[in-house]
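Engineer: Chain order of the listed sequences is A and B. Each step along the first sequence adds one to the number in the numbering used here, with nothing skipped, and position 219 is 302. Each step along the second sequence adds one to the number in the numbering used here, with nothing skipped, and position 183 is 266.
These are calculated hints, taken from the structure and not from any lab test. C-beta: ideal position from N, C-alpha, C; glycine also.
Here are the computed lysine-lysine pairs in the DSS-like style, where the Cα-Cα straight-line distance is at most 25 Å:
hint: 1; chain 1: B; residue 1: Lys160; chain 2: A; residue 2: Lys160
hint: 2; chain 1: B; residue 1: Lys279; chain 2: B; residue 2: Lys259
hint: 3; chain 1: A; residue 1: Lys258; chain 2: A; residue 2: Lys155
hint: 4; chain 1: A; residue 1: Lys305; chain 2: A; residue 2: Lys259
hint: 5; chain 1: A; residue 1: Lys284; chain 2: B; residue 2: Lys284
hint: 6; chain 1: B; residue 1: Lys305; chain 2: B; residue 2: Lys287
Per the computed footprint, the stretches of chain A lying under chain B, defined by three or more beta-carbons under 8 Å from a beta-carbon of chain B, are:
hint: 7; segment: 90-97
hint: 8; segment: 127-141
hint: 9; segment: 166-173
hint: 10; segment: 185-194
There are 2 protein chains.
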Amino acid sequence: MLKNETLHLSVDCVVFGYDDSGLKVLLINQKEANNEEVGQNPMSQLPGDLILIDEGLEAAAERVLFELTQLKGVYLKQFHAYGDPNRVKQLKDRAWLRSVRTQPEQRVITVGYFGLVSLQDHDPQPASFAGGVEWIDLQNVGPLAFDHNEILDGAMDALQNQLESHHISFELLPKKFTLSQLQSLYEVVLEKKFDKRNFRKNVKRMSHVVPLDEKQQGVMHKPAQLFSFNPDHLDD
Amino acid sequence: MLKNETLHLSVDCVVFGYDDSGLKVLLINQKEANNEEVGQNPMSQLPGDLILIDEGLEAAAERVLFELTQLKGVYLKQFHAYGDPNRVKQLKDRAWLRSVRTQPEQRVITVGYFGLVSLQDHDPQPASFAGGVEWIDLQNVGPLAFDHNEILDGAMDALQNQLESHHISFELLPKKFTLSQLQSLYEVVLEKKFDKRNFRKNVKRMSHVVPLDEKQQGVMHKPAQLFSFNPDHLDD
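Let's have the full structure, built from the sequences with the hints guiding it.
Structural biologist: See below:
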C-alpha cells in the first residue's frame, strides 16, 4: 500500500467580520499574481498557505493570516480538516498553483480556522503578497478557488453551532454594545428572528453580559444603554 | 522559508462504546509488535495509521478502524486535527515508530475522528496487525502513546458538546431503549445528574424519541416501556 510520501498541509482562514451592515468574510484575490494565465481569470480565495516544517497548526494560521492580510490578534479557532484527494486538482486552479508553488501537483490537505473580528474595532490593510484583501458581504460571495466555498460553508456551520454555547458572539461586537446590536448579530448569524422581549429576558439571565453606566453616543433619539462582556462572570 | 516537504498525515479514531456498565473507549496495544524494545514496554494507543496517497480522510478513518479492529459501519465524525511539531518525537514512542514506519523521523499530523457504538449491538474482534483490541472503561485509561490522551480528551469534549444538539446519543444505545437508559447515558457523558421527572418531561417534547408498543424483556419487576429514535421526526 502506498502511504503518503510527499503530502502538503496548509491552513485556510475564514475570517468573519461584523458591523451594523451585516456579516462579511475576508477574501484575497489572485489578480496581481505574477502569471498571465491567472491575470486573465483571477479568482477570490480564503487567506491560506502551506505550513512551515516546524510550525504548529494554530501558529501557522496566525502567521498566514498576518502575512496575507496584516490582521493580528484575531480570535481563531480550528473547525475542520479538508482532505479530498482532488481538492486542488481542478482545472480552474492549476494556473495559480503553478505560479506560486514549487510542487503544484502535490496533494494538499488543509486545516480550516474560523476567525471573528468586530469591524468597528479593526480595519485590515491589504498586504503585498495577495492581490488585494476585501471584506465581502456573505450573500455576495461568488465561486471561490479550490474547495473554498465548501470551507466557507463549514465555517459558517461551526459559527452557528458555537455562537451561543461558546460565548463567541462578543468577538464580533464592539467592546461596548447595545442589546439591539447583540440581537441583530444573533439574527444575522443564526438566520432567524427573535422576539425582542424574550431576547432581552434571556440576556438578563446571562451574568457575563454586564450593563454599563453608559449610553450610546451620537444618537439623536433615545440613546440605548451599553453593555460589555465579562468572561469572569460566565456561569459555567 | 522551509515549507513541509515530506510531511505525513494520519487519522486516529476515538471509538466510544456504551452499555449499562458505562462509557468505554476502544484501545489497541503494541505488545505483539515485532520489536523487542517495544515488547518490553508496550503501550496502549488509539486505532490509527497513515492515510493512503489517494484516500479521503473519512475513508481513511473507516479503513484504518476496520483494519485494526474489524469494526465496520460505525458512526464516525471528524472533530480536530493535531499538529504539534513534536507530537511523535517523544522518547517513549521512538521504538514503536521504528518498528512500524519506514520514515520514523517524519513529522505526522493527525486528524481525529470520534466513533460511537452501542456495545449491546456490537462485539468488535481483535485483528492481527494490532497486538490486541480492548474496550477500556474511560476512568481506567492510563498513559497512552504519542498525544493520544490529549486526543481522547478532545473527543470527549466534542461528544459532550454535540450530544444534545446533534442527536447522536442514539448511536450509543441499543435500537430499543428505556428512558432510564437514555438518562443514564446523558448522566455518564455529561458528568452530571438529571432530575428524573424533568428529564422525562423534556424527552416527551422530542418527537424523534418514539414510544413503542413494547416493554422490556426478561425483567422480573415492572418492565419499562421501550422507545426508539426516528430521525424523520426531528424538529429542525
